[in-house]
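Protein chains: 2
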Amino acid sequence: MSLDKAVSKPHERLADHLAGSMDAVNTLIRARMASRHAPRIPEVTAHLVEAGGKRLRPMLTLATAELCGYQGEHHLRLAATVEFIHTATLLHDDVVDESGQRRGRPSANLLWDNKSSVLVGDYLFSRSFQLMVETGNLRVLDILANASATIAEGEVLQLTAAQDLATDEDVYLQVVRGKTAALFAAACQVGGVIAQAQEERVQALHDYGDALGVAFQIVDDLLDYQGQAQNTGKNVGDDFRERKLTLPVIKAVACADAQERAFWSRTIEKGRQEDGDLEHAIALLHKHGALEATRADALAWAERAKTALRTLPAHPLREMLIELADYVVARIN
Amino acid sequence: MSLDKAVSKPHERLADHLAGSMDAVNTLIRARMASRHAPRIPEVTAHLVEAGGKRLRPMLTLATAELCGYQGEHHLRLAATVEFIHTATLLHDDVVDESGQRRGRPSANLLWDNKSSVLVGDYLFSRSFQLMVETGNLRVLDILANASATIAEGEVLQLTAAQDLATDEDVYLQVVRGKTAALFAAACQVGGVIAQAQEERVQALHDYGDALGVAFQIVDDLLDYQGQAQNTGKNVGDDFRERKLTLPVIKAVACADAQERAFWSRTIEKGRQEDGDLEHAIALLHKHGALEATRADALAWAERAKTALRTLPAHPLREMLIELADYVVARIN
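Going down the list, the protein sequences come from chains B and A.
For the first sequence, numbering that gives the first Met the number 0 gives the first residue as 0, with consecutive numbering after it.
For the second sequence, numbering that gives the first Met the number 0 gives the first residue as 0, with consecutive numbering after it.
The reader is advised that the hints may include incorrect statements.
What the hints assert, rightly or not - Incomplete in silico selection of chain A near chain B, CB under 10 angstroms:
1. Val95
2. Asp96
3. Lys114
4. Asp121
5. Asp141
6. Leu143
7. Ala151
8. Glu152
9. Glu154
10. Leu156
11. Asp256
To be verified - Label-pair restraints from in silico Cβ distances:
12. B/Ala33 with A/Ala165: 14 to 24 angstroms
13. A/Gly71 with B/Arg265: 50 to 60 angstroms
14. A/Arg242 with B/Pro41: 21 to 31 angstroms
15. B/Glu11 with A/Thr159: 53 to 63 angstroms
16. A/Ala33 with B/Ala33: 30 to 40 angstroms
17. A/Glu199 with B/Gly71: 30 to 40 angstroms
18. B/Pro41 with A/Gln70: 56 to 66 angstroms
19. A/Glu278 with B/Val235: 30 to 40 angstroms
As the list claims (entries may be wrong) - Here are the simulated SDA-like cross-link-like pairs (lysine to any residue), alpha carbons at most 25 angstroms apart as the crow flies:
20. A/Lys8 with A/Glu322
21. B/Lys269 with A/His36
22. A/Lys243 with B/Arg35
23. A/Lys243 with A/Ala282
24. B/Lys286 with B/Gln258
25. B/Lys269 with A/Arg39
26. A/Lys243 with B/Lys269
27. A/Lys243 with A/Asp276
28. B/Lys243 with A/Ser34
29. A/Lys53 with A/Asp15
30. A/Lys243 with A/Ala253
31. A/Lys243 with B/Glu42
32. A/Lys243 with B/Arg39
33. B/Lys269 with A/Glu42
34. A/Lys305 with A/Ala329
35. A/Lys243 with B/Lys243
Note that these hints are calculated values from the structure, not bench results.
C-beta atoms are modelled at their ideal positions from N, C-alpha and C, and glycine is treated no differently.
Construct all of the structure, not just a fragment, from the sequences and the given hints.
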């Protein structure tokens, strides 16, 4: 047993520590995804919620609230809020990406239809909104409203930027902030706010979540070119086939000669892909050191996350959150 | 000029009276639909917002706030909030209904794509949320969060209920409350709340908006079977062809013999429609007095709206809102 503990992963140690609160959050999630009138709603939601995501975002809220000494119950509502926002964006993403898989299972838009995914996503977003209003904390509402707008803006930006070779690292970072980092940052920040932590601590929690989210997304993008399917649940080259201009490709395009540029334009911008193109793309990424540079960026963002947390007083949860940042990049280290 | 005024329609008189505030609301809408990073957002939104809807919902908020003596500026934010929520639901509805037209123009999902409609809808919903948080009024947030959940729940319910002959008038009313009446009711109610009106007045405004919204939707459903395209911008029979079980059909199904039931099952539930089916459907609606009964329901809801308002003190805006209820049903009277 103690051996199990010793080798468990940081997010599992965090989950162990937060198990009691997380049970309460899961109960709340199940209660609030119910619908008296429309049974389709809990069907679709349960498919996704019960599929066993890591619950990373609600754990961040529970951990930061406890780290700041919070004693009440509102952090449970905020954790459920954050998970509902995340689930709503997954449902809408699957429609937008025309995905067939999510968390290793057929996606909701395939099992039901796009209509159900759009409308149940809207319902969960409304439910998240009700939950946060119940905290009666206007600062928390402001943070989560702004995060929601950043998420939606990032998603729209990605629509137009993803297949445009002019997309540079600044635009990539805006998209990533929207896709991933905004909700990580808000999840951490509201934990501090609900605990009435000092302003510089709230800011440190925000900065931790933001940097953790950016690192998380960069790792995801990198593994798409060099991961192994058995470790990641993704197939190498999915992003390339879906013509997504992620960080490794942006770095390679920045170094491309005319012939290489034509290759990227054909495969990503125009989407005319042939046999052997993925292999050639990976060769170009290696040639320009793009994978190595992307890896260095992910590590730097994880370091930034840890640095932000170190301004907080020592606390077992602070150490677990620092380990979590290491864990996020461990898959590429 | 005075003649023009004399024959103008009630919603135009209301618009005249509220012109100054509505200009401010339109300025706010334009400012908030901007996006620094994603120009696709204002493109899609402007297409819909500038297409010239009647702005009925924001007018209800401005009118009820003024009617209750409100002096501040938050009613402008709430009016913009309500219009953003409405626009977001239109964008998502067009994806769900696979519509090709909206407000007499090609719908956004055709001009851009379903992805843009989903994500820009999400963005507008987030923006509406930011606007209402700026009022700092938790009661208002609670009302609008609940309305949003009712809207989304009604839309999901409609997905499963629309083509099911077991759908009765109670389920129809739940769908209509979600589709239309919840936002009308919230738009009216928050006007009273922001003005700190007495509780029974806030309730009266809610009841007015709810009944007005139900009347509005029933009229819409009725005109689909007996309107004239030049008056309504809709083609007779659109709901029938889209297999929507609206109030006239629900009433006719309730009186149907076995043969008629088989007809409705084939055309609405199974969607196997043939030439002459629409004419036969309309004949059945007449046979059972379903159109007349639907019309009577719409008038009764309009009457209920007016009765709710009459509990408020006399005020020119109270009279205009009473006239508005008459106007909503005038198209079928």
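Subject >> Given hint A/Asp121 near chain B, where the shortest CB pair must fall under 10 angstroms >> reply: 4 angstroms, holds
Original post:
Do the alpha carbons of A/Lys243 and B/Glu42 lie within 25 angstroms of each other, as the hint requires?
Top reply: Status holds; Cα separation ~23 angstroms.
**OP:** Could you grab the alpha-carbon distance between B/Lys286 and B/Gln258 and see if it respects the 25 angstroms cut-off?
**Re:** 14 angstroms, holds
**OP:** Classify the hint on A/Leu156 as holds or violated, based on whether any CB of chain B lies nearer than 10 angstroms to its CB.
**Re:** At about 4 angstroms, which falls below the 10 angstroms cut-off, the nearest Cβ of chain B leaves the hint on A/Leu156 intact, so it holds.
Subject >> Status of the A/Ala151 interface restraint (C-beta, 10 angstroms, chain B) >> reply: Holds. Min distance 4 angstroms.
Subject >> Hinted pair A/Lys243 and B/Lys243, Cα distance within 25 angstroms >> reply: 39 angstroms, violated
Subject >> Hint consistency between B/Lys269 and A/His36 [alpha-carbon to alpha-carbon, up to 25 angstroms] >> reply: 23 angstroms, holds
**OP:** Please work out if B/Lys243 and A/Ser34 have their alpha carbons no farther apart than 25 angstroms.
**Re:** With Cα atoms ~22 angstroms apart, B/Lys243 and A/Ser34 stay inside 25 angstroms; holds.
Subject >> Hinted pair A/Lys8 and A/Glu322, Cα distance within 25 angstroms >> reply: Judged against 25 angstroms, a Cα distance of about 9 angstroms means the pair holds.
Subject >> Given hint A/Asp256 near chain B, where the shortest CB pair must fall under 10 angstroms >> reply: 30 angstroms, violated
Original post:
Would the pair A/Lys243 and A/Ala282 pass a check requiring their Cα atoms to be no farther apart than 25 angstroms?
Top reply: Since the Cα atoms of A/Lys243 and A/Ala282 sit roughly 17 angstroms apart, the hinted pair holds (cutoff 25 angstroms).
**OP:** Kindly confirm whether 30 to 40 angstroms is satisfied by the beta carbon distance between A/Glu199 and B/Gly71.
**Re:** At roughly 34 angstroms between Cβ atoms, B/Gly71 and A/Glu199 fall inside 30 to 40 angstroms, so the hint holds.
Consistency with the previously given hints fails for numbers 11, 15, 18, 19, 26, 35, ordered from lowest to highest.
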